[in-house]
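Quick mapping for you: the protein sequence lines, in order, are chains W and A. For the first sequence, position 116 matches number 115 in numbering that gives the first Met the number 0, and the numbering has no gaps at all. For the second sequence, position 185 matches number 184 in numbering that gives the first Met the number 0, and the numbering has no gaps at all.
By construction, these hints were calculated from the structure, which means they are not laboratory data. Yeah, the Cβ is synthetic: ideal placement off N, Cα and C, and Gly gets one too.
A few chain A residues that face chain W, going by a derived Cβ cut-off under 7 Å, partial list only:
| hint | residue |
| --- | --- |
| 1 | Glu127 |
| 2 | Gly131 |
| 3 | Gly144 |
| 4 | Gln145 |
| 5 | Phe148 |
| 6 | Arg186 |
So the chains spell out like this:
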Amino acid sequence: MRQAGKTSGSNPAATWAWSAVIVAASITGGLLAAAVGHVDWVTALGVSAVIGGGVALLAVPLGWAAQVPPSLPPGPAQRAPGREGSPGAVGGPPGQIHRRPDPPGRALEPGKRAGPDGVVRVMPLAVEAPAGAEWWQKTGAPVARHKGTERETAPPLSSYLDSAIVVQCPRCGSFRADVRQGPAEWSFGCQECGNRWAWHPGTPWPSVAVRPRLRGENRPPPRHGGRP
Amino acid sequence: MYDQRISRKHPGCIIFLLDRSDSMKRPWEGNRTLAEGAAQALNDVLRELCIEGRKERGVVYHYFDIGIFGYGLRPIAGGEGVESAFGGNLTGYALAPLPELNDNPIAVREVPSIDLGGTTVMAPVWVEPIYGLRTPMCEAMAVAGQYAFDWAQSNTDSFPPVIINITDGWVTDEPLDGASLPGWAQRLTSIETKDGHALLFNIFLSPDQGDQRMLPTTDSGLPDPGPQLFQISSALPQPMIANASGAGIPVEPGARGFAFNANLRMLSDFLKIGTNVGVHDI
Numbered sequence: 000m001r002q003a004g005k006t007s008g009s010n011p012a013a014t015w016a017w018s019a020v021i022v023a024a025s026i027t028g029g030l031l032a033a034a035v036g037h038v039d040w041v042t043a044l045g046v047s048a049v050i051g052g053g054v055a056l057l058a059v060p061l062g063w064a065a066q067v068p069p070s071l072p073p074g075p076a077q078r079a080p081g082r083e084g085s086p087g088a089v090g091g092p093p094g095q096i097h098r099r100p101d102p103p104g105r106a107l108e109p110g111k112r113a114g115p116d117g118v119v120r121v122m123p124l125a126v127e128a129p130a131g132a133e134w135w136q137k138t139g140a141p142v143a144r145h146k147g148t149e150r151e152t153a154p155p156l157s158s159y160l161d162s163a164i165v166v167q168c169p170r171c172g173s174f175r176a177d178v179r180q181g182p183a184e185w186s187f188g189c190q191e192c193g194n195r196w197a198w199h200p201g202t203p204w205p206s207v208a209v210r211p212r213l214r215g216e217n218r219p220p221p222r223h224g225g226r227p
Numbered sequence: 000m001y002d003q004r005i006s007r008k009h010p011g012c013i014i015f016l017l018d019r020s021d022s023m024k025r026p027w028e029g030n031r032t033l034a035e036g037a038a039q040a041l042n043d044v045l046r047e048l049c050i051e052g053r054k055e056r057g058v059v060y061h062y063f064d065i066g067i068f069g070y071g072l073r074p075i076a077g078g079e080g081v082e083s084a085f086g087g088n089l090t091g092y093a094l095a096p097l098p099e100l101n102d103n104p105i106a107v108r109e110v111p112s113i114d115l116g117g118t119t120v121m122a123p124v125w126v127e128p129i130y131g132l133r134t135p136m137c138e139a140m141a142v143a144g145q146y147a148f149d150w151a152q153s154n155t156d157s158f159p160p161v162i163i164n165i166t167d168g169w170v171t172d173e174p175l176d177g178a179s180l181p182g183w184a185q186r187l188t189s190i191e192t193k194d195g196h197a198l199l200f201n202i203f204l205s206p207d208q209g210d211q212r213m214l215p216t217t218d219s220g221l222p223d224p225g226p227q228l229f230q231i232s233s234a235l236p237q238p239m240i241a242n243a244s245g246a247g248i249p250v251e252p253g254a255r256g257f258a259f260n261a262n263l264r265m266l267s268d269f270l271k272i273g274t275n276v277g278v279h280d281i
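Put together the whole structure using the sequences plus the hints.
What follows is the structure, given as structure tokens:
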């Protein structure tokens with residue numbers, strides 16, 4: 000049983016006052032019962048005092064139990080903005096969050112990007128390699144997740160944003176391009192304007208000019224490669 | 000089984016696996032490549048989901064967690080493999096809640112409308128057509144399975160995860176971690192919530208318009224890789240059968256979530272049926 004001095008928000012004086020009220024009410028009821036039922040008033044007084052006292056003693060610890068010690072962590076409702084138990088919830092339980100660092104200029108801060116129901120629940124790709132069984136070996140009904148039971152299956156994305164490139168033709172801006180990976184460079188061919196260019200990893204992507212009118216000119220004949 | 004309706008309390012999870020192998024550059028209908036058609040149909044169904052989730056004052060509710068994994072050419076990490084197809088503000092994330100998805104398209108462009116023939120419309124874009132290298136379908140299922148499993152563990156009362164695989168080729172990375180493609184499909188569909196096992200649907204795109212099948216009940220007569228993809232596809236649960244029937248697509252009992260030699264219209268219908276599991280706002 001917790002001690003009164005360790006609770007938060009309790010008022011011992013009020014608690015004891017309520018106990019006294021309960022005992023008095025019990026005795027009064029006992030006396031009234033004695034008057035109606037022609038029972039010895041000493042017996043009625045004794046029984047009611049014992050019952051009232053017992054109820055009052057029970058009420059005191061129950062009242063304390065209802066208090067929330069300040070040392071406990073906040074409950075689910077306070078764990079905003081992530082959803083309780085969500086593996087990737089921002090602000091969720093420790094050990095279940097694998098959030099890569101926010102890149103410059105990104106605006107996915109939990110407080111600012113909360114959804115209409117207060118939820119920000121983007122589940123980022125895992126970048127760590129927790130030890131433990133593979134997910135497909137955990138058969139049966141859903142169970143609670145435990146820290147350290149996950150597996151890294153996502154590709155390494157630590158430098159994801161720094162290297163993010165969507166192939167776009169520098170000449171006409173089209174996204175329709177053939178891609179070939181060479182030993183030291185990537186070769187591209189625009190399917191719209193026929194432009195061909197190469198890119199070496201680590202070098203800047205060529206600046207893109209969107210010229211839709213160039214599309215359709217010099218378009219190379221379609222190549223029907225075999226299925227991989 | 001499969002009767003839990005989607006709500007904010009019990010959101011759903013839809014994961015798309017998008018083939019980004021080299022063969023997706025083959026020309027398809029409407030002067031598109033397969034990659035362009037697949038990306039367009041995917042963008043369309045994502046827009047539909049956002050519209051479906053939009054309630055009063057234009058607020059989009061958290062009805063779904065959405066994942067899109069491309070397999071084949073990895074435009075970001077480079078080389079062959081699997082990576083999230085999200086871009087822009089969602090770059091690098093595996094599952095995105097519907098409100099975040101709605102707020103973060105990578106672009107709003109004029110695109111040809113599938114529903115309106117040759118007409119173009121301004122529409123949000125989340126997925127770009129990209130292709131190259133081979134077809135690591137097993138790895139895609141392994142990655143999707145990790146996130147579907149985690150999601151199911153955290154949403155035990157929800158409708159189970161739905162995984163929709165869009166491909167035009169043969170798997171090139173089996174066996175992987177001791178399992179061939181059917182083994183990976185079995186692993187994937189062993190994931191479950193209290194409402195049922197995860198659902199795996201497959202659609203095989205092809206410029207060849209012969210022998211098209213939509214939600215078939217048998218693989219009889221299908222050329223490769225039709226029989227294998229049919230076998231690993233889940234049977235359509237009753238709510239989706241009702242949705243298909245409501246959309247005018249006849250579905251026989253025992254139909255699988257599978258389409259073969261699909262054209263763009265079939266892909267669009269397939270995605271709508273596979274993602275429509277009934278939203279119930281509470």
